[in-house]
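Heads up: the sequence shown is residues 159 to 553, going by this note's numbering.
Hints listed in this document are in silico derivations from the structure and should not be mistaken for laboratory results. Computed from a predicted structure; not experimentally measured. Yeah, the Cβ is synthetic: ideal placement off N, Cα and C, and Gly gets one too. Warning: the hint list may mix true and false statements.
[What the hints assert, rightly or not] The list that follows gives simulated cross-link-like pairs (lysine to any residue, SDA-like), each with its CA atoms no further than 25 Å apart:
1) K215 with G255
2) K485 with K424
3) K170 with D519
4) K214 with P231
5) K279 with I438
6) K467 with E191
7) K310 with F381
8) K391 with G255
9) K351 with Y364
10) K352 with K424
11) K467 with K424
12) K310 with R294
13) K547 with I438
14) K352 with K362
15) K387 with I464
16) K351 with I386
17) K303 with G255
18) K303 with I368
19) K310 with N474
[Said to hold, decoys possible] Pairwise CB distance ranges (calculated):
20) K467 with P543: 27 to 33 Å
21) E322 with D423: 36 to 42 Å
22) S218 with E244: 42 to 48 Å
23) D423 with N474: 23 to 29 Å
24) T535 with V384: 41 to 47 Å
25) K509 with R237: 29 to 35 Å
26) I226 with E498: 53 to 59 Å
27) P543 with V384: 39 to 45 Å
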Amino acid sequence: MVSEYMHELGSKKSTIRDIFEYGRKRVAEVGRENVFDFSIGNPNVPCPAKVNETIKKIVSGNFGENIIHGYTPAAGLPRLRVKISEYIEAKFGFKTGAENIFVTSGAAHGLVATIKALAEKGDEFIAFAPFFPEYRCFVEAAGAKFNVVPAKIEDFQIDFDKLEESVTPNLKGVIINSPNNPTGTVYSEDTLKKLTEFLCDKQKKYGHPIYIIADEPYRDIAFDDVDIKYIPKIYDNTIVIYSYSKSLSVPGERIGYIAVSERADKHREIFDAIAGATRISGHVNPPSLFQYVILECMDEKSDISIYKKNRDLLYNALSESGFTCVKPQGAFYLFPQSPESDSRKFCDRAKELDILLVPGDDFGCEGHFRLSYCMETSMIERAIPVFEKLAKQYE
């Protein structure tokens, strides 16, 4: 016998991955130029030149390190943790000591470790729809209950009436993703302040801390000078999860960090629990090569003007074709309303035209679909007439 839960997770692939694999088959059958795959968020913008230059410098032996590929401390190179701490203070005006930084193998590792570090028997965690589907299995695998607050589809800010209905005395954590996958929405300062007031009231009422887990892999992909607030400055009990995957366009290299706010209740215990959670997951240390890369390239960013161009092109074209969509402020996704209530049926109809979309059901938001626009602009341009053809089927 095997674990039924783990078997289910492993045997049932995510919808996104299924669509992505189907797209690869269709490319082989009809040619890449005839398949419009908007399914997966795999950054297509090249990483900054300095990243590759630094890798070459490191592996050529000109970096001043005797052992490049050896073990590092589990929480990351001490000087990298110091540099991340200094970067946070310089950029956000918020002090987070190096002893509160845990370097991770990407944001997913950070989320799993943080949730597992916090979760005790009977605890509950909340996410706001639409949400990254893996949140559910991260929480449930930690032995906690996953609750979803329904979406406020007018602007994808937080519906506080629905939040009130979802909260119980067992609430331990609230997962925030801003800029959001799949909507590209950025939570406003008003929303975050209102959430802070709400959670502070609940902490007093229930007599225990409630933590915000700020999942921020898209923080550095934002448009139109939108102001993305640093949540630890607003709410004390905050743990930030960051990844360099999107900002440096290196998603396959798996490097990021957890920053536990010094203002958080029992922050030292939380950090130690994170270390324990990573230990039982088989974590030894983050990739050593990319720890050295981040030391040199922390200030670098990929050229997000390409994403903005793609966003504007696709958003305007879909709007002109009759689709309803909240304009994204960041990340590289659109989340329009489906022309029919069953978004899976709509995505199947799009599939017949070789437009590959992800139904919103997996994100906890029926009646919508997700498009990723981190791709060549020319593909979007070729897809626009096909979207127009698809839209006319619903006139």
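So, going through the hints one by one against the coordinates:
1. With a CA separation close to 29 Å, the supplied pair K215 and G255 exceeds the 25 Å bound.
2. Restraint check for K485 and K424: not satisfied, since their Cα atoms lie roughly 39 Å apart, outside the 25 Å limit.
3. With a C-alpha separation of about 16 Å, the suggested pair K170 and D519 falls inside the 25 Å cut-off, and the hint holds.
4. A C-alpha spacing of about 23 Å is found between K214 and P231, which places the hinted pair at or below 25 Å, so the restraint holds.
5. Our distance criterion of 25 Å between C-alpha atoms is met by K279 and I438, whose separation comes to about 18 Å.
6. Distance hint between K467 and E191 is fulfilled; the C-alpha atoms sit about 20 Å from each other, no more than 25 Å.
7. Taking the CA atoms of K310 and F381, the gap is about 22 Å. The hint holds against a cut of 25 Å.
8. About 15 Å separates the Cα atoms of K391 and G255, which keeps this hinted pair within 25 Å; it holds.
9. A threshold of 25 Å between alpha carbons decides the hint, and for K351 with Y364 the separation of about 20 Å falls inside it, so the pair holds.
10. With a C-alpha separation of about 24 Å, the suggested pairing of K352 with K424 holds against the 25 Å cut-off.
11. Only pairs whose Cα atoms come within 25 Å are accepted, and K467 paired with K424 is rejected, the gap being roughly 44 Å.
12. With a C-alpha separation of about 20 Å, the suggested pair K310 and R294 falls inside the 25 Å cut-off, and the hint holds.
13. For the proposed pair K547 and I438, the alpha carbon gap of about 52 Å is over 25 Å, so the pair is violated.
14. With a C-alpha separation of about 16 Å, the suggested pairing of K352 with K362 holds against the 25 Å cut-off.
15. Annotation: proposed proximity of K387 to I464 holds, straight-line Cα distance about 24 Å (limit 25 Å).
16. Between K351 and I386, the direct Cα distance comes to roughly 13 Å. Compliance with the 25 Å bound is thereby established for this hinted pair.
17. For the hint linking K303 to G255, the alpha-carbon distance of about 32 Å lies beyond 25 Å, and the restraint is violated.
18. For the hint pairing K303 with I368, the CA-to-CA distance comes to about 15 Å; that is within 25 Å, so the pair holds.
19. A threshold of 25 Å between alpha carbons decides the hint, and for K310 with N474 the separation of about 22 Å falls inside it, so the pair holds.
20. As the Cβ distance of K467 to P543 is approximately 19 Å, the hint placing it in 27 to 33 Å is violated.
21. A hinted range of 36 to 42 Å for the beta carbons of E322 and D423 is inconsistent with their spacing of about 23 Å.
22. At about 27 Å, the beta-carbon gap between S218 and E244 misses the expected band of 42 to 48 Å.
23. In this structure the supplied range 23 to 29 Å is violated for D423 paired with N474, their Cβ-Cβ distance being about 46 Å.
24. About 22 Å separates the C-beta atoms of T535 and V384, a value inconsistent with the hinted range of 41 to 47 Å.
25. Checked against the hint of 29 to 35 Å, the C-beta distance between K509 and R237 comes to roughly 50 Å, which is inconsistent with it.
26. In this structure the hint that I226 and E498 lie 53 to 59 Å apart at CB holds, the actual value being about 54 Å.
27. At roughly 31 Å, the beta-carbon separation of P543 and V384 lies outside the given 39 to 45 Å, and the hint is violated.
In this structure, the earlier hints numbered 1, 2, 11, 13, 17, 20, 21, 22, 23, 24, 25 and 27 are contradicted, and the remaining ones agree with it.
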